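Once you've looked at the hints, dock chain P against the given chain S.
Protein chains in written order, with the numbering used here: chain S, 2 to 195; chain P, 77 to 342.
Derived from the structure by calculation, the hints contain no laboratory data. Incorrect hints may have been included.
With a straight-line cut-off of 25 angstroms between C-alpha atoms, the simulated SDA-like cross-links for lysine to any residue are [said to hold, decoys possible]: (1) Lys260(P) - Ser115(S); (2) Lys94(S) - Ser254(P); (3) Lys94(S) - Asp217(P); (4) Lys69(S) - Met266(P); (5) Lys260(P) - Arg7(S); (6) Lys176(P) - Glu14(S); (7) Lys90(P) - Glu66(S); (8) Lys260(P) - Ser22(S); (9) Lys176(P) - Ala6(S); (10) Lys10(S) - Met266(P); (11) Lys69(S) - Gln257(P); (12) Lys94(S) - Asp135(P); (13) Lys10(S) - Glu185(P); (14) Lys10(S) - Lys176(P); (15) Lys94(S) - Thr251(P); (16) Lys10(S) - Tyr223(P); (17) Lys94(S) - Met266(P); (18) Lys342(P) - Glu124(P).
Quick caveat, the model's predicted, so the values are computed rather than measured.
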Amino acid sequence: MVDLARVQKELQECNRDVQVSGIRVSPKADCITHLIGSIPGPLGTPYEGGVFNIDITLPDGYPFEPPKMRFVTKVWHPNISSQSGAICLDILKDQWSPALTLKTALLSVQALLSAPEPDDPQDAVVAQQYLKDYQTFVGTARYWTEAFAKASSLGIDEKVQKLVEMGFPEDIVRSTLEAVGGDENLALEKLCSA
Amino acid sequence: MQQQSAIQAEEAEKIPFVGDKEPLSSLAAEYKAGGSPVLLEKIKILSEQYAAIRRTRGDGNCFFRSFMFAYLEHILESQDRAEVDRVRANVEECRRTLQKLGYPEFTFEDFFALFLEQLESVIQGSEASISDEELVKRSRDQSVSDYVVMFFRFVTSGEIRKRSEFFEPFILGLTSASVEQFCKSAVEPMGEESDHVHITALSDALGVPIRVVYLDRSSCDNGSVSVNHHDFTPVAGNNNSGGSEAVNPFITLLYRPGHYDILYPK
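Pulled out of the complex, with its shape left as it was, chain S reads as follows (with noise of 0.2 angstroms):
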């Protein structure tokens, strides 16, 4: 059984120092379980001036399991896969440990933001150009981070357009990014799914 009580307190502690953190936690709809956190890119790095969102599944043994977090927003990281945004962090494996937060495992993911591991990968592909061509590395992470996680600076008119044009129905499209906070990567995992 997740601790429930437990996750409400983590969820207010969290959003009360966003100002500073910058890093949110929220339910995604109903279900306490099942949340979506983000955390900014950190500065000084490709992925600055990026919001990236993480979907965050609670295990029933939470706080003595790690939770299960995965990257919603597309991102270039040697320790992410560019796939499937499953993340590669020795914290939400073995080394997890009820004295940590999902605010703290956030810190710790944006942490790996700034500091690839790219001897202990995830993703291959990125791994091998960091190491070897770190320039082209750079390059292609920044770009995905204009491309992906910058995307919610556009009007909500131009998201609720974009999904349109991809041939989901305007009022679903705008009830589901309504849904997910205007964030318009989630609402097309959201219509895909649905």
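Frame of chain S; chain P shown alone:
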């Protein structure tokens, strides 16, 4: 790696978190088939002083789990209220330590509450009182047992961080990690094995002496065999009575490389 841990997990499942009390002869039986003569000799020496053994699951939490059961069982049998009051004061001190170190309250409060509840329940004479049988049952119930183990991990980590200058040289002897990294990677995650650093810190934090008896293949140069033990005696100034006077540990653990079980003196 994953396969290895899967096999370990499967092996561990065969033993409950905390086993039944068994006569010490069951230890010798383990080594009968092709066991080293040194070990058998040492077990013989052990059997002069110790009557029984209680095994714990080898899941990396065995030290904390052994300590949990041995401590609560001691209180259950001794009904030592003074000890309960003393340890409760230390627990409150540990709570303040974690607060000062900046741990959010919600990360540890449930674990503290659950331990204090167990402590309360082994004292007889209230509605919540439990029997020895119930204590064994709870120690095998993950939703109690793992919470108490995690409580000890919090206490241990807090003590190490609080006295980081004292613990740093010992930690450097084990790994190249900093005190902070050590606590994060080797103390706070469940399933991380305990070393003398953990035992020292827990014993100091709670003010509870612990005797560890070592059973390994080592012998003296002249071929004579003896069984070594080490007493972890809490340092003074940690809210416990004195420090220089020799305290007779009421908790005795048997250490075999990589694992701790509980020993019962005769």
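We went through each hint and held it up to the structure:
1. Lys260(P) - Ser115(S): Measuring from Cα to Cα gives roughly 20 angstroms; hence the hint holds.
2. Lys94(S) - Ser254(P): Since the Cα atoms of Lys94(S) and Ser254(P) sit roughly 21 angstroms apart, the hinted pair holds (cutoff 25 angstroms).
3. Lys94(S) - Asp217(P): Given that 25 angstroms is the threshold and the Cα spacing comes to 24 angstroms, the pair holds.
4. Lys69(S) - Met266(P): Answer holds: Lys69(S) to Met266(P) is near 17 angstroms, not above 25 angstroms.
5. Lys260(P) - Arg7(S): Distance ~20 angstroms between Lys260(P) and Arg7(S) Cα, so the pair holds.
6. Lys176(P) - Glu14(S): holds (17 angstroms)
7. Lys90(P) - Glu66(S): holds (21 angstroms)
8. Lys260(P) - Ser22(S): Satisfied, since the Cα-Cα distance of roughly 21 angstroms is no more than 25 angstroms.
9. Lys176(P) - Ala6(S): holds (23 angstroms)
10. Lys10(S) - Met266(P): The hint holds at about 22 angstroms.
11. Lys69(S) - Gln257(P): holds (23 angstroms)
12. Lys94(S) - Asp135(P): holds (16 angstroms)
13. Lys10(S) - Glu185(P): Holds, at about 12 angstroms.
14. Lys10(S) - Lys176(P): holds (19 angstroms)
15. Lys94(S) - Thr251(P): Cα-Cα ~21 angstroms, so holds.
16. Lys10(S) - Tyr223(P): Holds, at about 18 angstroms.
17. Lys94(S) - Met266(P): With Cα atoms ~11 angstroms apart, Lys94(S) and Met266(P) stay inside 25 angstroms; holds.
18. Lys342(P) - Glu124(P): OK: Lys342(P) and Glu124(P) at ~8 angstroms, within 25 angstroms.
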